[in-house]
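Chemist: Note that the protein sequences, when read in sequence, are chains A and B. To convert, take the position in the first sequence, counting from 1, and add 506; that gives the numbering used here. To convert, take the position in the second sequence, counting from 1, and add 3; that gives the numbering used here.
Among these hints, one or two may not hold up.
[Stated by the list, open to error] Label pairs and their calculated CB-CB ranges:
1) A/A578 to B/Q86: 40 to 48 Å
2) B/K112 to A/P616: 15 to 23 Å
3) B/Q59 to A/T621: 29 to 37 Å
4) A/S560 to B/P120: 45 to 53 Å
5) A/F545 to B/M14: 17 to 25 Å
6) A/E569 to B/Q59: 26 to 34 Å
7) B/T30 to A/S524: 33 to 41 Å
Don't read these hints as lab results, they were simulated from the structure. Each residue gets a CB set at the ideal place from its N, CA and C atoms; glycine is no exception.
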Amino acid sequence: GAVVSQHPSRVICKSGTSVKIECRSLDFQATTMFWYRQFPKKSLMLMATSNEGSKATYEQGVEKDKFLINHASLTLSTLTVTSAHPEDSSFYICSARDGAGGPDTQYFGPGTRLTVL
Amino acid sequence: AQTVTQSQPEMSVQEAETVTLSCTYDTSENNYYLFWYKQPPSRQMILVIRQEAYKQQNATENRFSVNFQKAAKSFSLKISDSQLGDTAMYFCAFMKRSGGGADGLTFGKGTHLIIQP
Chain A
507 GAVVSQHPSR
517 VICKSGTSVK
527 IECRSLDFQA
537 TTMFWYRQFP
547 KKSLMLMATS
557 NEGSKATYEQ
567 GVEKDKFLIN
577 HASLTLSTLT
587 VTSAHPEDSS
597 FYICSARDGA
607 GGPDTQYFGP
617 GTRLTVL
Chain B
4 AQTVTQSQPE
14 MSVQEAETVT
24 LSCTYDTSEN
34 NYYLFWYKQP
44 PSRQMILVIR
54 QEAYKQQNAT
64 ENRFSVNFQK
74 AAKSFSLKIS
84 DSQLGDTAMY
94 FCAFMKRSGG
104 GADGLTFGKG
114 THLIIQP
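Just chain B, with the same shape it has in the complex (with noise of 0.2 Å):
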């Protein structure tokens, strides 16, 4: 079985700042994909990004970015330039890569991540 720790339950930063969210991991599996998922007030989950483990160059996407360590077992989101719409709870995710199946998601238990106006 897999774990997923998030360890920030609240961040809190000012409008066009940098923040980071951090997320490990624990698996004895090596093909996997790691998500960073958002849940706004609305509650309709909302997939940042995701990184396939086999990928060492860490994913991108405007102005989401990840640092992902592999070795570490390590999977940040890194957030450039907030904005007011990037308040939301975000849960860092875990699916097994299982031949041409699927899997469900193991996720952590999020950060609720507040950007000051």
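Same shape as in the complex, but just chain A (with noise of 0.2 Å):
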């Protein structure tokens, strides 16, 4: 199956720091690409979608100066997240829809948990 890979796994930072999250599609081009938040024991919440060579959408309620959001390639997506305070210390999760294979399947990356001290 498709696989998804996200960078960095695990990611420690000061406040006030930026921390960028990769989000690769390793064997198929991801036309579009999602970003979810997780927060601990809750469900995941969609952040944006991010499509390639243009402007992500983000949902209502997300600080798109906040978390900014790039998709310069059909396998890669970053996501940064801006002068990062301690509430934004959230397990992040990518998915990457499969174009060839239609649009009904999204392929999750592992998740990448940030904590801001």
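Can you join these two chains into the complex? Each is in its own frame, and there are hints to help.
Modeler: See the structure below:
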């Protein structure tokens, strides 16, 4: 099946710094990638939709200047948490749509645990 | 907007038993997909099964099957001959089907399934 990787798997940073998370589709081209956030023992909440070569679409309540998304190629999307604060600590998961397989399947990365001190 | 409701926060069954996880959803859309994802302790999201709303036949994948009742907006997951490796969080998810594009997933709150030896 389709494989999606994320890097790093864990990151600890100081408050006020920026952190970049990479999401890669390893064996397929992903025209669309999605970023989700998951709080402890909670469900996944969609943050934004990332389309290759265009601006990301953010869900209501998600600050686009806080969570910068870049989808520069068909296999890579990045999420940058700018000026991170402790309340940004969370588990961030990306998914990628396999365009060749139709619009109905998203494959998930293993997630990135962000801790902001 | 759509909502997904999973009313069972936790369930526990004996190995080899059959268990059914419930999911209801609310939407005004007519074309959509429904999914069950499994999230084991590793937190990797794994697709268990998917259902196209326009198909009346219930989807089946080996020991996993769904009971899709479109009029009732119900989408339950049945796991037969449960195994210890089935222990995980199970999320029901909804995705609107929109032309050639792709939409993000709306998740339920999840059901923690524990398979007892």
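Chemist: A separate judgement is required for each hint: does it hold in the structure or not?
Modeler: Structure-based check of each hint:
Between A/A578 and B/Q86 the CB atoms are about 42 Å apart, so this pair conforms to the stated range of 40 to 48 Å. Distance hint check: the CB atoms of B/K112 and A/P616 are about 22 Å apart, consistent with the given range 15 to 23 Å. Range check, B/Q59 to A/T621: about 47 Å between beta-carbon atoms, so the 29 to 37 Å window is missed. Checked against the given bound of 45 to 53 Å, the beta carbons of A/S560 and B/P120, roughly 51 Å apart, stay inside it.
Under the hint 17 to 25 Å, the C-beta atoms of A/F545 and B/M14, about 22 Å apart, fit the expected range. Taken as a hint, the range 26 to 34 Å is violated for the pair A/E569 and B/Q59, whose Cβ atoms sit roughly 43 Å apart. The beta-carbon spacing between B/T30 and A/S524, approximately 37 Å, falls within the hinted interval of 33 to 41 Å.
Against the hints set out earlier in the document, violations occur for numbers 3, 6.
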